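**Q** Top to bottom, those sequences are chains R and P. For what it's worth, UniProt numbering labels the leading residue of the first sequence as 1, then goes sequentially. For what it's worth, UniProt numbering labels the leading residue of the second sequence as 1, then goes sequentially.
Simulated from the structure, these hints should not be mistaken for lab results. Given the structure is predicted, the values throughout are model-derived calculations rather than measurements. For every residue, glycine included, the Cβ atom is placed at its ideal position computed from N, Cα and C. Some clues are possibly wrong.
Coverage of chain P stretches by chain R, computed from C-beta distances (three or more under 8 Å per stretch; other residues unrestricted) [as the list claims (entries may be wrong)]:
(1) 62 to 68
(2) 146 to 155
(3) 169 to 178
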Amino acid sequence: MTARDGTAEARDHALGPSSYDHQAAVGQASFERIEKTWRSPSGFFGWFTQVNHSAIGLRFIVTAFVFFILSGLLALAMRLQLAIPLNQMLSHETYNQVMTVHGTAMMFLFAIPAMEGFAIYIAPLMVGARDMAFPRLNAFGYYVYLIGGSAFFLSLAFGMAPDAGWFNYVPLANKTFSEGYGVDIWTTMITFIELSALTAAVELIVTIMKLRAPGMSLDRMPIFVWAVLVMSFMILFAMPSVMVASAFLMMDRLVDTQFFIVENGGSPLLWQHLFWFFGHPEVYIILVPALGIVTSIVVTFSGRPLFGYTALVLAITGIGMVSFGLWVHHMYTTGLPFMGRSFFMAASSMIAIPSGVQVYCWIATLWGGKVRFATPMLWVLAFFGVFIAGGLTGVMVASVPFDRQVHDSYFVVAHFHYVLMGGAVFPLMGAVYYWFPKATGRMLSEHLGTWSCLTVFVGFNITFFPMHILGLQGMPRRIYTYLDGMGWGDLNLLATAGAFLLAFGFALTLFNVIHSVRHGAAAPDNAWGGSTLEWATASPPLNCNFIQQPVVESRRPMWDWREADTRTVVAGLREDRRETMVTTLLDARPQSVMVLPGPTPWPFVSAVAASAGFIGLIFSPWFFPIGFFAVFATMVLWFWPRHPWRKE
Amino acid sequence: MDPASRDAWLVAELSWWMFASAIFIYIVTIGLLGVGAGIFRGRNRLSFRAGTTLVVLGGVLAPIIAIVAIGVSGVAIGDETEGPDDGSAKLTVEVVGRQWWWELRYLDAAGEVVAVTANELHLPVGERARLELLSDNVIHSFWAPNLQGKTDAIPGRRNLLFAEPEVEGVWRGQCAEFCGNQHTLMGFMVIAEPREKFGRWLERQASDARATQGPGLDIFLKLGCGDCHTIRGTSAAGQKGPDLTHLASRRTLAGATLKNSRGNLGGWITDTHEVKPGALMPSFTPEPQDLHDLLDYLEALK
Ligand code: HEM
Ligand SMILES: [Cu+2]
Chain R
1 MTARDGTAEA
11 RDHALGPSSY
21 DHQAAVGQAS
31 FERIEKTWRS
41 PSGFFGWFTQ
51 VNHSAIGLRF
61 IVTAFVFFIL
71 SGLLALAMRL
81 QLAIPLNQML
91 SHETYNQVMT
101 VHGTAMMFLF
111 AIPAMEGFAI
121 YIAPLMVGAR
131 DMAFPRLNAF
141 GYYVYLIGGS
151 AFFLSLAFGM
161 APDAGWFNYV
171 PLANKTFSEG
181 YGVDIWTTMI
191 TFIELSALTA
201 AVELIVTIMK
211 LRAPGMSLDR
221 MPIFVWAVLV
231 MSFMILFAMP
241 SVMVASAFLM
251 MDRLVDTQFF
261 IVENGGSPLL
271 WQHLFWFFGH
281 PEVYIILVPA
291 LGIVTSIVVT
301 FSGRPLFGYT
311 ALVLAITGIG
321 MVSFGLWVHH
331 MYTTGLPFMG
341 RSFFMAASSM
351 IAIPSGVQVY
361 CWIATLWGGK
371 VRFATPMLWV
381 LAFFGVFIAG
391 GLTGVMVASV
401 PFDRQVHDSY
411 FVVAHFHYVL
421 MGGAVFPLMG
431 AVYYWFPKAT
441 GRMLSEHLGT
451 WSCLTVFVGF
461 NITFFPMHIL
471 GLQGMPRRIY
481 TYLDGMGWGD
491 LNLLATAGAF
501 LLAFGFALTL
511 FNVIHSVRHG
521 AAAPDNAWGG
531 STLEWATASP
541 PLNCNFIQQP
551 VVESRRPMWD
561 WREADTRTVV
571 AGLREDRRET
581 MVTTLLDARP
591 QSVMVLPGPT
601 PWPFVSAVAA
611 SAGFIGLIFS
621 PWFFPIGFFA
631 VFATMVLWFW
641 PRHPWRKE
Chain P
1 MDPASRDAWL
11 VAELSWWMFA
21 SAIFIYIVTI
31 GLLGVGAGIF
41 RGRNRLSFRA
51 GTTLVVLGGV
61 LAPIIAIVAI
71 GVSGVAIGDE
81 TEGPDDGSAK
91 LTVEVVGRQW
101 WWELRYLDAA
111 GEVVAVTANE
121 LHLPVGERAR
131 LELLSDNVIH
141 SFWAPNLQGK
151 TDAIPGRRNL
161 LFAEPEVEGV
171 WRGQCAEFCG
181 NQHTLMGFMV
191 IAEPREKFGR
201 WLERQASDAR
211 ATQGPGLDIF
221 LKLGCGDCHT
231 IRGTSAAGQK
241 GPDLTHLASR
251 RTLAGATLKN
261 SRGNLGGWIT
271 DTHEVKPGAL
281 MPSFTPEPQD
291 LHDLLDYLEA
301 LK
């Protein structure tokens, strides 16, 4: 902490339009030429050729929230079914499908893609890049996600949805015990969708490592960008595990391999190890970027630099690493040797240290600040209230003897909704309120936002708090009904009522968003007085992000510039093609200039070919070679050398 | 939670300690947040010293204390509840998870099956019993909360669980691992009774059926019940469903779903899937008189 902090604090962070004039910076003619170079084609066919990260990122976010709403409606259906004992609204078959699709979709189709979406939208802006390193791959990932996710959801409409739970334990998920296409749809679509997570991860890693604005050395990178980097590496290491697992299962079911068939030497526990080796890090893949969001909001709304930057970076990296050593805590009841489980007990509770460090760094940052309690900050407060509770029950279930009682009971349902809703959804809602002005150029209504946050917070606790008690009373999870004499009726009814309040709270935000896109107050460039580079571009961002790429001299360029009343920028990039600076990995010294490709339909065509292969695979193994060669052909066309290199 | 064994009691005790500490930590943390951002709002920033102290105390020291406490208590209690297989358990029961009911096979000292029953686990009070968890289909999890935490029954494995009820009682247990259609109604009863009473019960269960002929049995065989169910002492020897040799001695039907009464039994036979949708037993529609005879016979299977 240097003397800089003192001056930073003295600064006035009041709202107000940034005085920066993007056109004047380079002159009208240049401005228009650059913007034309970076423009995304419009129109129906144009839509399929767009590759700019802001377009793709926004699509990821919107699509993810559509899936959130759909899976949320499924959750309401489950809550209605469970409201009273022996309810007959949903049959056991429907309930099992609804439950499986809710869980799978929330994890794979909502939480991870939403985080990726914010990462794709915000991280390049935050590091001062004009686009991501592989824009076309980015578009490909999106179409894969869109097609795979929609196919997965449609299966529910056809009544062939998977019904073996989101963790799909074998042998239940084997052909013998799950006939029909349900589990096939799960395995193929999940493998497929993970492809998009992998492309996003690779993309983000390269962008963050090589395309940072000159001067943004690693230790000046915003915490959100650190979090995205850690998330991407986690995806890279975790996803292959679930892809392997589901590919094994797919093969067991389609071509009679015997990976999980006990009679022929296969092992059901192999599935659990592979699944949880991915499954545990996965919840941290969701949590880590959320921590980045929380940090961004805390810094902006306390109006002062973060307390303990290094500690936070270490904590986030630490969480990323430790999360790979915990998977067995999902398997405490499988009869593994107690010695082994004790190791995982220690490892699991160890997560409390980096989490604790973070929470206290935020508290120290907020302490005594002129905290502005605007809507993004309110969601962060709700995050504190809920996530800390979920974290504490998490440390409790790390204890082997305790877990053996509450495992697979409603206590666990309560626990993981506290961490997932608290640790992912609340920060995401904060992110929506925080970055909406940047993405749309309009402000959301603060009034509606406050009510939404309040209702969601109260509704959430009414829904999920009673579940702790139900779990302790012995109510197992994944049951579609319960007997009258169990005495679980009242609390379940309460939880259902809470779920509707919760849904109403989210509906307020939905309405707010729809309304404000057109009618919201105009947003200035730096809507909240933030310190990071996404606020340096116009709202909504220019086609090229930065008409001149910035040069960074500290962790909070926006505040520096405001003080100095001037910007340091890069000059000399060409205006007639898509160029962005490449800098060195550690200290971001300028290295070279990268030329990025423009709009193209090939990623879309390629994704369609890949989907045809994957979806066909559900019905016949022959689609594997068909898909393979179709993708190969489209890839050749995709990579065919053309403009602008031909001209040079 | 209503512990009926030392194991369950230890875990209950542990839970209360953990809840108390968790609530304490929650209040302190949220309290500090409130004080810092609320009461001290707009005053001075924490000095670097003070901030570091806060982070180290709250973010490092407190979690370390918690981890040590969790680790030590977890290992100590785990060691006791999952106790070694030291041969002190005289009674061995094979607990087999089926879709969607439980089969219980009582073994003698030589490891031979002496009695088979379903969905009703009887244990002598004050004795350590060794439960061997098996499955030949999907994964189930045996959970009798009043006695012990849960342990899975996994195909291809033989997991062990030791149960030692300390008081007499009747409790409910339940499958805890999602196992398909009727995971929901896969319950069972646990009955802890004094040694002599238990001995008499086991002796009776080990014997052949009390009633081995009559019009009801003919109906039983004619309808095809014997293809899936066994009644020892008769020609019914099916293996797919529960052993019915002493059906009338059991408290519940269909995985602890219904009370065992004549009406419920008749309802179960004639309308199986109304009671338990998806159950792997077909419904039967015998003539009223036949049903009457059948129920008479089943009720005689004490
Ligand atoms: C909209 C608010 C939500 C409600 C009312 C809700 C409710 C439920 C209910 C009732 C269950 C079924 C529990 C059972 O039968 O055992 C469930 C399961 C689950 N939920 Fe949610 N949930 C919500 C949001 C979320 C979110 C945001 C996530 C993750 C990001 C999530 C992830 C899951 C998962 C993974 C399961 C387990 C599914 C399985 O067992 O296969 N839920 N939820
Ligand atoms: Cu089961």
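**Q** Next, verify each hint and record whether it holds.
**A** Hint-by-hint comparison with the structure:
1. Restraint check on the segment 62 to 68 of chain P versus chain R: 5 residues with Cβ-Cβ distances below 8 Å, three needed, restraint holds.
2. Counting residues of the segment 146 to 155 of chain P whose CB lies closer than 8 Å to any CB of chain R gives 7, which reaches the minimum of 3, so the coverage claim holds.
3. Only when three residues or more bring their CB closer than 8 Å to a CB of chain R does the claim for the segment 169 to 178 of chain P stand; here the count is 6, and the claim holds.
Checked against the numbered hints given earlier, the structure satisfies every one of them.
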